[in-house]
Every structure is written in C-alpha cells, then in structure tokens.
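Enquirer: Protein sequence lines, in the order shown, are assigned to chains V and L.
Numbered according to our numbering, the first sequence spans residues 1 to 336.
Numbered according to our numbering, the second sequence spans residues 1 to 150.
One should not assume that every hint holds.
Claimed, not checked - Derived pair list, reagent style DMTMM-like, types lysine to aspartate or glutamate, alpha-carbon separation capped at 20 Å:
| no. | chain 1 | residue 1 | chain 2 | residue 2 |
| --- | --- | --- | --- | --- |
| 1 | L | K14 | V | E108 |
| 2 | V | K26 | L | E10 |
| 3 | L | K18 | V | D200 |
Unchecked claim - Chain V residues, not near chain L, derived (Cβ > 12 Å throughout):
| no. | residue |
| --- | --- |
| 4 | S125 |
| 5 | K176 |
| 6 | E191 |
| 7 | V292 |
These are calculated hints, taken from the structure and not from any lab test.
Heads up, the beta-carbon is just placed ideally off N, CA and C, and yes, glycines get one too.
These are the residues of each chain, in order.
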Amino acid sequence: MATDTVHEIEEETIEQLWDGGDSPFKSEYGKLMMWYFLLSDAFTFAGFLIAYGSLRFSMNAWPLPDFVFSTAPFGIENAPLIFVTFMTFVLIVSSVTVLRAVQEGKLENTGGVVKWMILTIVGGSIFLGSQAWEWTNLIAVEGVTIYKNPFSTSLDDGKYISLEEAAKLNPRLQKKSMMIDVHTDEGHSTEQLAYLYDKDKDQKYFEKFDHHFFHRTGDHATPEVKSNEFVKGDPYLIAYQNGNYFPGAYQITGTETVMAEEMGPTAFGALFFFITGFHGFHVFSGLIILLVIALNTWSGFYAPRKNGHVMVEKVGLYWHFVDLVWVFVFLVFYLL
Amino acid sequence: MGHAHGLSPEEQRKEDLKVGKVGFGILLLVTLGEVGVALIGNGHLIEGVSLPALFMIPTMIAMSLYKAYYIVSIFMHLGHEVGGMAYTIVMPMLLLVWGVIAFLWEGDHARHNRNFVKDARPAAEQPVEESSSDTGMLPDDELSKKLSFK
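This is chain V alone, in the form it adopts within the complex (with noise of 0.2 Å):
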C-alpha cells in the first residue's frame, strides 16, 4: 500500500488507513516500543539525578567526588577517579561491541553476531564487578551505607588535636577508652582505645586517624595519628571499623572550642547505592538479555526471518541505554 505522498493518502477512505500495513515512522513496532520504553527509563534516572542535585544543593557541607572516589583494587590509594575511569573505559569498549553486533546482524552474519555478543557480555560483567568492588570497599572499608555517611566537607577553619590538648581546652570532656579490634602483618589483637566523651551531647571525640589504624599491613605498618590543620571545604573521612565510627577531635581557629567531625549527609550514601544500584541492576538485566538474544542467534532463530536479526537491534538499544546513563551517572557522581 503505498502512502507516500499527501496526494495517496487523501484519495484512501479512513477505513483503509485504520487496516493497518503502514508504517510512518518506518520501524518495527517491537523496536519502536523499546524506544518509548528507554524515553521513560530516561525519565526514571532523569528523576534520581535531579534529586541528588536538588538534596545537594540543600546541603552546606558535600563530599567531594575526588576524595570519596580516589581508592582501587590491589591497595591503590590516592589515586582520584582512575577506578572509575576505568569503568567507563569498559562499558565504552561494550557500547562499541554491541554497535558491532548490530551490524552485523543487518548483514545477516550470525557468526559475527554471537561473536560480538559474546565480547559485550564480557564487557558488561567487567563493569558490574567492578561496581560490586566499588561498593564493597565504601560499605565494608570506609563505612558509607544508606544510613551513615562518614564523607563530608569541613564548615569551619580548623586543626586536628591531641585528646590532652582537648581536654584541657574543655575540662567538661570525660576520659574514657573502649576496646578496638587491630589487623596486623601478624594477626588479629585488641587494643585498648582512648577518647573523650560529652554526656549532653553523647559525643565522642578521637584523636584524628584513617582506618589503617585498624589495618596496619605493608606500608601502613606504623599508623601516625594525623595532626595538621584544614580550611573549610576541605574533605574529610571519619575512620570506622566493625560499625563503629571514630570522629576526629579538632579545634576550631581562633576560639578554643573543641569540636568532632560530623557525620555527612545522610543522603549521600543513600542516593550513591540507589543510583548506581539502579544502573548496576539496567546492566544486570542487560546481560541477561544479551545472553538470551546471543543464544537465540547462535542456534539460527532469526536467520530464516531475514529481517536483519532485529531482536539484536533491540538489545542493541538497551545496551547503548545502560551506556548513555552512566554517561550522566558519571557526570554527576564523579565528575561535578
């Protein structure tokens, strides 16, 4: 039926146009509706990302992407977005695999496209675990889950202090100490841990240190405790162990009052793990329908249709989707 011009189409009666067989958009209905599906995914992620701007912008106090986000497998410290880089680096290199894959099925190559897909599948489980790494070391090692967030930003000028150096500065401080577990070269302990303690406020105060206090391997043997001064802005990260968290003791400049790090917001951690969880689960479900479609081409499903292996061009779609969406993930987590 051809309805190609405005002229064709006037001289159709309505029932003709109502009987189906065009198609003006020139798209497979399955392949359309997955667009429609990704604009309202999109709207989805869209919706997260301007709550975790929103929720930042209400906040005085941040963490800083870079501090938060500078730790990698095999003990890689310090080293700013590099994992996360990374990260990025292998779901580009699956964006391209997949486009591949697609490419070949219009040319009818089911080889090729099993082959392609086999490579994204790959691709896809490199990042996933790489995000499950990610979130490991922020819950286990450094303490952040939906609840508790010890990443935040500095609101005051300030130095790091001594517990004596506090408790002279504020006589109302009770001295106390409490038992820490210590992972050493040569094994479990316990030690005994000194810190102050306000009643009214039921705050504790320690001597600033970093959770290889806890952990002190290789280089990390002798732990110092840190004593040096900050701005406001300045990153910081409370030490925690087995769900105990150990705000460091500090001296605002220029008064002699003695305050600990806070807590950061609460909303960081929670939006982090929803967010990225959100992604790692588009990803998860991606790798699913990747291996499905893969099977399916590999055991000659869609040769005899000759409709250029049109399945792949979906999954395709939503490949390039969980891609497009980290794009903004990594933009807004990461980067800004």
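Chain V is already provided as a structure; the job is to place chain L on it using the hints.
Expert: Here is chain L on its own, set in the frame of chain V:
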C-alpha cells in the same frame, strides 16, 4: 536493511567498522577530556594549578551532553530514523530542562531557609524534650504551651 546504499556486504562491513572505530575514539577522547578537566581543575595532576569551577562545571556538562548526543544519534541510530519518530523521543526530554532548573533552585532555597532559621535561633535543630506521645493529640492552644525550643 543493511544494504541501504547498495553496498556489498564487504563494503558495508568496512563502513561499519569505520563507524565503530571513530565512535570509540570520540567517546574515549571526550571521557579522558572530562576526567582531565576534573583532575587538573581540582589540582591533582599539575602541582599548584587548578581551574575555576565556573569553567570546569559547564565544560564537563557540555562534554557529557556531547557524548549523549553522539551515542543517541550515531550508535542508537536515531539520527537516521524518520524525523517525526526522532522528535517523539527528543521533545519530551525538553521537560528535563525545566526539571533540573526548578529542583536545583528549590534545593538551594531550602538551604537558605534552614540557615536563616539556624542563625536566628541557633539551637532550633536540637531535639526538644517532649516525646511525640506528649504532644500528639493536644488542641492547638494547649500545644503551644507544651512545646519549647531549646
């Protein structure tokens, strides 16, 4: 479907490979550019050099938008679809322009409001002594007598 320009499969594959390679190069370069701006801007790469946020933020947003445009237009092939269809995808997205501006504005306003209250009454955010069971079902005039702010 694949033979839009009457190319043989071999010629088509050559074209396809070119699209893949160019796309990979562009996405990789722009991503490295973004990370470079972030790292140099925050003073991690070159000692003593940092960039103003007023330059960094728009640059990184523009680069991300370019990546998004490239993925949608070339990789997802939307640039080659019928114009009407492309518009049904792209036009609804314009709502997000309003969404971003409105909600960031609102968030910023919430911060100003909270700081204003804190400055006016420094301890207002500390918990009051009453539990909710004390004040839960009281009439308004009783409630005002019960509530106290530290």
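Enquirer: Non-interface claim for V292/V: all C-beta distances to chain L beyond 12 Å?
Expert: Answer for V292/V: holds, closest chain L Cβ roughly 21 Å.
Enquirer: Regarding the assertion that K176/V does not contact chain L, is the least Cβ-Cβ distance greater than 12 Å?
Expert: The assertion about K176/V holds, with a minimum of 23 Å to chain L.
Enquirer: For the pair we were handed, K14/L and E108/V, check the Cα-Cα distance against 20 Å.
Expert: Roughly 15 Å between the alpha carbons, so the hint for K14/L and E108/V holds.
Enquirer: Looking at E191/V again, its CB stays over 12 Å from all of chain L?
Expert: The assertion about E191/V holds, with a minimum of 34 Å to chain L.
Enquirer: Looking at S125/V again, its CB stays over 12 Å from all of chain L?
Expert: About 19 Å separates S125/V from the closest Cβ of chain L, which puts it past 12 Å; holds.
Enquirer: Need the status of pair K18/L, D200/V: alpha-carbon distance at most 20 Å?
Expert: 69 Å, violated
Enquirer: Verify the proposed pairing of K26/V with E10/L, using a straight-line Cα cut of 20 Å.
Expert: 26 Å, violated
In terms of the numbered hints stated before, the structure departs from hints 2 and 3, listed from lowest to highest.
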